[in-house]
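Those protein sequence lines, which keep their order, are chains A and B. Taken in order, the first sequence gives residues 10 to 213; the numbers are from the numbering used here. Taken in order, the second sequence gives residues 10 to 215; the numbers are from the numbering used here.
The hints are simulated quantities; they were obtained by calculation from the structure and are not laboratory data. Every clue listed holds true.
Pulled from the structure, derived: some chain B residues nowhere near chain A, Cβ distances all over 12 Å:
# : residue
1 : Arg-57
2 : Pro-82
3 : Ala-121
Derived CB-CB ranges, DEER-like:
# : chain 1 : residue 1 : chain 2 : residue 2 : range
4 : B       : Val-149   : A       : Ser-75    : 34 to 42 Å
5 : B       : Leu-173   : A       : Asp-62    : 41 to 49 Å
6 : A       : Phe-128   : B       : Ala-160   : 32 to 40 Å
7 : B       : Phe-174   : A       : Gln-96    : 45 to 53 Å
8 : B       : Ala-160   : A       : Lys-122   : 50 to 58 Å
9 : B       : Gln-83    : A       : Ser-75    : 51 to 59 Å
As a list, the in silico PhoX-like pairs of lysine-lysine whose alpha-carbon atoms are at most 25 Å apart:
#  : chain 1 : residue 1 : chain 2 : residue 2
10 : A       : Lys-13    : B       : Lys-187
11 : A       : Lys-21    : A       : Lys-189
12 : A       : Lys-191   : A       : Lys-13
13 : A       : Lys-21    : A       : Lys-188
14 : B       : Lys-187   : A       : Lys-21
15 : A       : Lys-188   : A       : Lys-13
Where a beta carbon is used, it is the ideal one built from N, C-alpha and C, also for glycine.
Letter by letter, the chains look like this.
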Amino acid sequence: MGTKALEVWNRKLHYYLGLYFLFFLWLFSLTGLMLNHQQWFRDLYERRQTSYDTPIEGPAGDTQISRTRDAMRQLNLQGEIDWPAAQPVGHIDFNVSRPNGSAQVRVDVNAKKAYVREFENGHLHAFQIFHTFSGSRFNQPASQRDWVMTSIWVFAMDALAAGLIVMVLGSYYMWWRLKKGKALGVLILSAGIAGCAVFLVGIL
Amino acid sequence: MLYRWLRDLHLYFGLFISPFILLFAASVFYLNHGKLSPGGERPADTYRDLTIPDGFDRVKGREAVDRAEAILPQVDVAGGRGFLRYVPEYHHLIFPVSRAGSEATVDVDLDARTATVKRRSMNLWESLSYLHKIPGPHNVAIRGNWIGTQAWRVLADATIYLALFVSLSGIYLWWAIKAERWTGLTLLAAGATTLFGLIFAILHGN
Numbered sequence: 010m011g012t013k014a015l016e017v018w019n020r021k022l023h024y025y026l027g028l029y030f031l032f033f034l035w036l037f038s039l040t041g042l043m044l045n046h047q048q049w050f051r052d053l054y055e056r057r058q059t060s061y062d063t064p065i066e067g068p069a070g071d072t073q074i075s076r077t078r079d080a081m082r083q084l085n086l087q088g089e090i091d092w093p094a095a096q097p098v099g100h101i102d103f104n105v106s107r108p109n110g111s112a113q114v115r116v117d118v119n120a121k122k123a124y125v126r127e128f129e130n131g132h133l134h135a136f137q138i139f140h141t142f143s144g145s146r147f148n149q150p151a152s153q154r155d156w157v158m159t160s161i162w163v164f165a166m167d168a169l170a171a172g173l174i175v176m177v178l179g180s181y182y183m184w185w186r187l188k189k190g191k192a193l194g195v196l197i198l199s200a201g202i203a204g205c206a207v208f209l210v211g212i213l
Numbered sequence: 010m011l012y013r014w015l016r017d018l019h020l021y022f023g024l025f026i027s028p029f030i031l032l033f034a035a036s037v038f039y040l041n042h043g044k045l046s047p048g049g050e051r052p053a054d055t056y057r058d059l060t061i062p063d064g065f066d067r068v069k070g071r072e073a074v075d076r077a078e079a080i081l082p083q084v085d086v087a088g089g090r091g092f093l094r095y096v097p098e099y100h101h102l103i104f105p106v107s108r109a110g111s112e113a114t115v116d117v118d119l120d121a122r123t124a125t126v127k128r129r130s131m132n133l134w135e136s137l138s139y140l141h142k143i144p145g146p147h148n149v150a151i152r153g154n155w156i157g158t159q160a161w162r163v164l165a166d167a168t169i170y171l172a173l174f175v176s177l178s179g180i181y182l183w184w185a186i187k188a189e190r191w192t193g194l195t196l197l198a199a200g201a202t203t204l205f206g207l208i209f210a211i212l213h214g215n
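Based on the sequences and whatever the hints tell you, model everything.
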C-alpha cells in the first residue's frame, strides 16, 4: 500500500471509528463528569425500596453459582451476582444488581423461603452506573463477571478503548503528514504529555 | 473560514488531550480485566516526636482531614487522604494517603506522638487506573484535599470538555465531505443502535 493510500484509509478509519463510537464516547464523557462532580446532583442516590418474602423450592445445583442462578430463576431476577463473605448455615444469600436496580436475597433453604429487598435506582443514577458496570474489581481478586450482559457491555467498553487508541495513533500520523503546524503541534502535544507525566511519575 | 478554524482547533485540542485519552483508554483494560497481585508492600516505618495538631477528638470531616495535613511531611508522605478514622479508645488516628505510584496507611498514636506508616508501591497499570478513577464519586466532603488531586481533576474535566468539542467539531468536518455522508450516517446509526440496544437489554432483558 502506497503512502497516499495509507493516508486516505487512515483518515477514513479515523472518522469511521469516531462516528461509530460517538454515542459511546458521549456516554462515558458525561458519566465521567457525573462521577467527578457528585455535588452537582441532589438526591442522585435516592432509590425506591420494596421488601417481600416468598416461598421457594430448595435451589437445585451442585455449586454456589448454579444454586444461586436457580434461586434467581424462581424469583425472576437478572443481573450481576455478588455473594457476602460468609454464608450462614442453611442459607443461600446473594445480591444481584444491574444499573437500574439491585436486590438483596436471603434464601432460607430449610424453611423454603426467600426474603427479598429490591431497590430501584433513579434514571440518572442508572445512567452513571454504566460507566463502571464491569462486574469485576481489580482490587477484589474474587470478583468476577457472571452475567452475559455484563460481559457484552465490558466488550463494548474494551472496543471503545481500543477504538480511541487507534484513532489517537492514526491522528498522530495524519498530523505528522501535514505540511504546516508541526512546531505548534509538537508544543501542544508535549504539554499534554508533560501534564500526564507529572502525575504518572509521582511528582503530583 | 469556520471550517479552517474548526479543523485547526480539532487538531490542536485533540493533540493536547491525546495523552490523557490514551491513559484513560489503556487503563480501561486493567480496570475491566486486571487483578491486583499481592506484593509491593514495604516494611512499616515508625516516626517519633511528631508535632500533632490538637482537636482530633472534636473535629470531623474536611476540618479533620485538613488538620492531618500537618502530619504528612513529618512522616515523609504526600498525597490525597481517602478518609480519616479517629479511634477514641486508643487515641489513634488512622488514614490512607495515596497518589499515582504509591499508597500509604498512616497510624498515629496521638498520646505517644508516634506514627507507623505502611507503604505500598503501585505498578504502572495500577497507577493508570488510579488516575482514571480520581477524584471519583466517594467521600465528596473530603476529596480534593491535595493539590495533586485538584490539578488532576481540572485536567480530567478539561479532557472531557475538549473531547466533547473534538467530537462535535469532528461531526462538522465529516459532514463537509459530501462523498462520505451516507457511509458516515450508516456508521453513526449502527453505533447508536448498538449502544441503545445494549442499554435496553441490560436494563430490561431477562
